[in-house]
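S.K.: In case you want the letters, here they are:
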Amino acid sequence: MKRRDFLTGLAVGGAVLPWTARSLGARPASPAQAPQLAAVEGESPALITREAVAALGGMKRFIGRGDKVLIKPNIGWDRTPELAGCTNPEVVRALVELAQEAGAKSVTVIDNSTNQAKRCYVRSGILDAVKATGASMPYVDETRVKKTDLKGEWLKEWDVLLDVLEADKIINVPIAKHHSLCRLTMGMKNWLGALGGARNQLHQNLDRAMVDLAAYFKPTLTVLDAYRILVRNGPQGGRPSDTKLVKTVVAGTDAVAVDAMGASFFDVRPQELLYLKLAQDRGLGTMEWEKLRLEKRKI
Amino acid sequence: MKKEKSRKYRTLQILRIAVQTAFFGLFLYLFIGAHYTGRDYIDSTVQRFFHFDPLLALVTLVSARILYASFLFALITVVATVVFGRFFCGWVCPLGAVHQFFSFVFKKAKALRPTREERTSLAGKYFILIAVLAAALLGLDLAGYLDPFSFLTRSFAVAVFPGLAYALSSLKGAFYGVGLTSAGRSISQLLENWTLNETFLQGFAVGLFFLGAVALNARKERFWCRYLCPTGALLGLLARRNVVKLTIDGEKCIKCGLCSQHCETQAEPYPSEKWRSGECVYCQTCAAICPTGAISFPLKLAAAKTADASNVNLSRRKVLLTTFLGFAAVPFFRLTPAHKRASLKLLRPPGALPEPKFLAKCVKCGQCMRACPTNGLQPALAEAGPEGIYTPMLVPKIGYCEYYCSLCTQVCPTGALRKLTIEEKNQVKLGTAWVNKSRCIPYVLGKPCIVCEEHCPVSPKAIRLVEVETKLPDGRIVTQKAPVINIEACIGCGICENKCPVSDDPAIFVTSVGETRSEKNRLLLEVAGDTSSDPYK
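Taken in order, these protein sequences are the chains called A and B. Under the numbering used here, think of the first position of the first sequence as 220, with each following residue one higher. Under the numbering used here, think of the first position of the second sequence as 12, with each following residue one higher.
Errors might be hidden in some of the hints.
Said to hold, decoys possible - Examples of chain B residues lying across from chain A (beta carbon under 10 Å, computed): (1) Ala-85; (2) Val-89; (3) Gln-200; (4) Thr-303; (5) Cys-416; (6) Tyr-454; (7) Leu-456; (8) His-466; (9) Lys-472; (10) Lys-492; (11) Pro-512.
Claimed, not checked - As a list, the in silico SDA-like pairs of lysine to any residue whose alpha-carbon atoms are at most 20 Å apart: (12) B:Lys-356 - B:Asn-532; (13) A:Lys-350 - B:Ser-193; (14) A:Lys-324 - A:Lys-365; (15) B:Lys-482 - A:Gln-423; (16) A:Lys-496 - B:Tyr-40; (17) A:Lys-375 - A:Gly-502; (18) A:Lys-365 - B:Gly-184; (19) A:Lys-287 - B:Arg-196.
For the record, the hints were derived by calculation from the structure and aren't laboratory data. The structure presented is a predicted model; accordingly, all values stated were derived computationally and were not measured. Every residue gets a Cβ at the ideal spot worked out from N, C-alpha and C, and that includes glycine.
Bound conformation, chain A alone (with noise of 0.2 Å):
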């Protein structure tokens, strides 16, 4: 077989196969035109999480049974729901919640804090949430990590988490927040507390570093919490005049598109963010998010 023609074949059949599974209805759970972004507005955290999920098929197309998921949130500092500092706490309990109810065997949630983990832990308000579920939220532990081949371009390797390492399904939370360095935190920014060791020395080239890590990672699903956004003194900003209502939460599976999204609360255009756009040239997804199936609700 020729070079040419080996790519050639690739190329068809790479066309070719992700329909035929569709078609076959491989995984009745996801239809073939199931949206790849959902986008809900309303009052509860919680709800709109739930119908978020719902829009994109239901956790079930995500999660399946037996499946040990990871869900990491943003519990990077010692801030209170209403400072928009970490992931919403009802926002998670409702993913964790929604995992265990399509069949997982196991649901941890971790984030490597930069405050005093106990204090991001239970001042966030993720903690008590977590642990109503019955779901595991253990303490990072520095020495459970792996120095782990990252096949970045620039971010060659770095010790993960062992908990990450370990799971079948990560699900990324991240809350959207300003960001001095990269303008705009959301999902893929939230890799670096999937990490260990000195992360602070990321920063001589984050955009790239968090490209490599998203590639890395690759979530099975991306909610971002834009209940309430972070638009100044980021990342941790300290009053609650440095945050913005916007009752959002955007779930998808392409996670560029997801931040992309999340940009325009800002009203930050995505090529504005140059990890939006090395990111989609890496093909990991796309910035033009309003050409991506969309579901929009509100409720």
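Given the coordinates of chain A, assemble chain B onto it according to the supplied hints.
M.R.: Relative to the frame of chain A, chain B by itself:
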């Protein structure tokens, strides 16, 4: 005549051991409880033990010239000791319990059995007490170095528990190594849940002192209590004419001498006329082991005249000499530049009184260091001058001051750190951050960073970013965002220094200048105290 041990005193001895264990357990419980439990304020008052300590009460009152209301509890100890004797030492003191336990262990271990020779003078602790009180008159607080509560708490906070945490970490690693992951995880969760800090500047010395104090029990039972403890000495002086008097039934006594041989504190039960009322800690050992049950402790209101005579003889000459030494030592503690100029790296915890008052009140117990969630509070060595040894200071390279935390101020037993609410604490400035532009990544290497800015907890941030041009070695000029300090907003918490990626000598660092508590260490004459004018509105 019946030859039988007293069952009553055997029971009392067991009761004493139970009570000692209970108080030690309570102490441990309160000690461990001094951490972030999930609530902003600690209910269990870990400092309560200290408030019953008359030595700390007296020295703090005299040296700082302030009556701290909590120390009124010490009056209970004083009255109880005057009436009933040194029960406090034998039944309550947790350090006494430690020493008694190890005395017992060493006694059982043949190789380490303490000697029974009882010729050593017991006067040492009284002279230590006199020197401490004399120094206190001149405002120098030395009580904390040998006070049993301070000594034990400091040893536990700075050495024993950190050592334990280190051991647990190692065990955790071993568990992971052999695949016992869940056991390893339990340990790692415990270490985080209880905030067992592992890093202390003086951990080595404090730990060795503690080991030394324990090892001395192999030389003499309860060595510390006999020869060193100034609190025991104070209680001993108060107890001399108490009403619980050792009595030996002359008819039953077979003069075997077991009682004096086994006395924990060299109180010389036999003959009873020579019994030292100021040394006995009522451990009940002599009465319990007496083969004929001849010893009892009845209440006798009439003070036996002989009792005082048999107590430790403190000659007037020696008392005067020690007092003089106590006075004379004070100036030597003060020959330090710390009194001329604030020390660069001496960042006191929030709520700390102005330095002279702080030094007069701090008893160096290290409870603030135990409670600190980031391990940032460390015992000073030379930073605060000789009288500041073991006083707390924030070392941002090790840990920073957590913005919404005021635990250290809540657990301070003497008020050297004023109790603060979270809101009050947020107003306190510990010092001021400075950027070392010759080490800062954007300034000198022309690479992006902003780590200090993102960690700055105040809003609006005390670290602002400005665009600066940097000339690289190849001559290119690059523009980067670089930090500048907004001095009025900076609270000196040190998180910027702690998180700076230039790890060996951070490119941003906090010094004490501008600290709220000091008028002398001021930086700007007109500090706009309130940031009511919100720049974003």
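S.K.: Using Cβ atoms only, decide whether Tyr-454 (chain B) comes closer than 10 Å to chain A, and label the hint accordingly.
M.R.: Interface hint status for Tyr-454 (chain B): violated (14 Å vs cutoff 10 Å).
S.K.: Between Lys-365 (chain A) and Gly-184 (chain B), is the straight-line Cα distance small enough, at 20 Å or below?
M.R.: OK: Lys-365 (chain A) and Gly-184 (chain B) at ~14 Å, within 20 Å.
S.K.: Double-check Ala-85 (chain B) for me: the hint is only fine if its C-beta lies closer than 10 Å to a C-beta in chain A.
M.R.: Interface hint status for Ala-85 (chain B): violated (35 Å vs cutoff 10 Å).
S.K.: Would the hint on Pro-512 (chain B) stand, with a C-beta cut-off of 10 Å toward chain A?
M.R.: holds (5 Å)
S.K.: For Lys-496 (chain A) and Tyr-40 (chain B), compute the direct alpha-carbon distance and say whether it is at most 20 Å.
M.R.: violated (56 Å)
S.K.: Quick one, are Lys-375 (chain A) and Gly-502 (chain A) close enough, alpha carbons at most 20 Å?
M.R.: Roughly 18 Å between the alpha carbons, so the hint for Lys-375 (chain A) and Gly-502 (chain A) holds.
S.K.: Just to be careful: measuring from the Cβ of Lys-472 (chain B) to every Cβ in chain A, is the smallest value less than 10 Å?
M.R.: holds (6 Å)
S.K.: Quick one, is the Leu-456 (chain B) hint okay against chain A at 10 Å, beta carbons?
M.R.: With a minimum Cβ separation of about 8 Å from chain A (threshold 10 Å), the hint on Leu-456 (chain B) holds.
S.K.: For the pair we were handed, Lys-356 (chain B) and Asn-532 (chain B), check the Cα-Cα distance against 20 Å.
M.R.: holds (12 Å)
S.K.: Can the hint on Gln-200 (chain B) be confirmed by a CB-to-CB distance to chain A that is less than 10 Å?
M.R.: This interface hint holds because 6 Å falls under the 10 Å limit.
S.K.: Closer than 10 Å between Cβ atoms is the bar; does Cys-416 (chain B) clear it against chain A? Give me holds or violated.
M.R.: holds (7 Å)
S.K.: When the nearest CB of chain A is found for Val-89 (chain B), is that gap smaller than 10 Å?
M.R.: Given a least distance of 40 Å, the restraint on Val-89 (chain B) is violated.
Hint violations for this structure: numbers 1, 2, 4, 6, 14, 16, all remaining hints satisfied.
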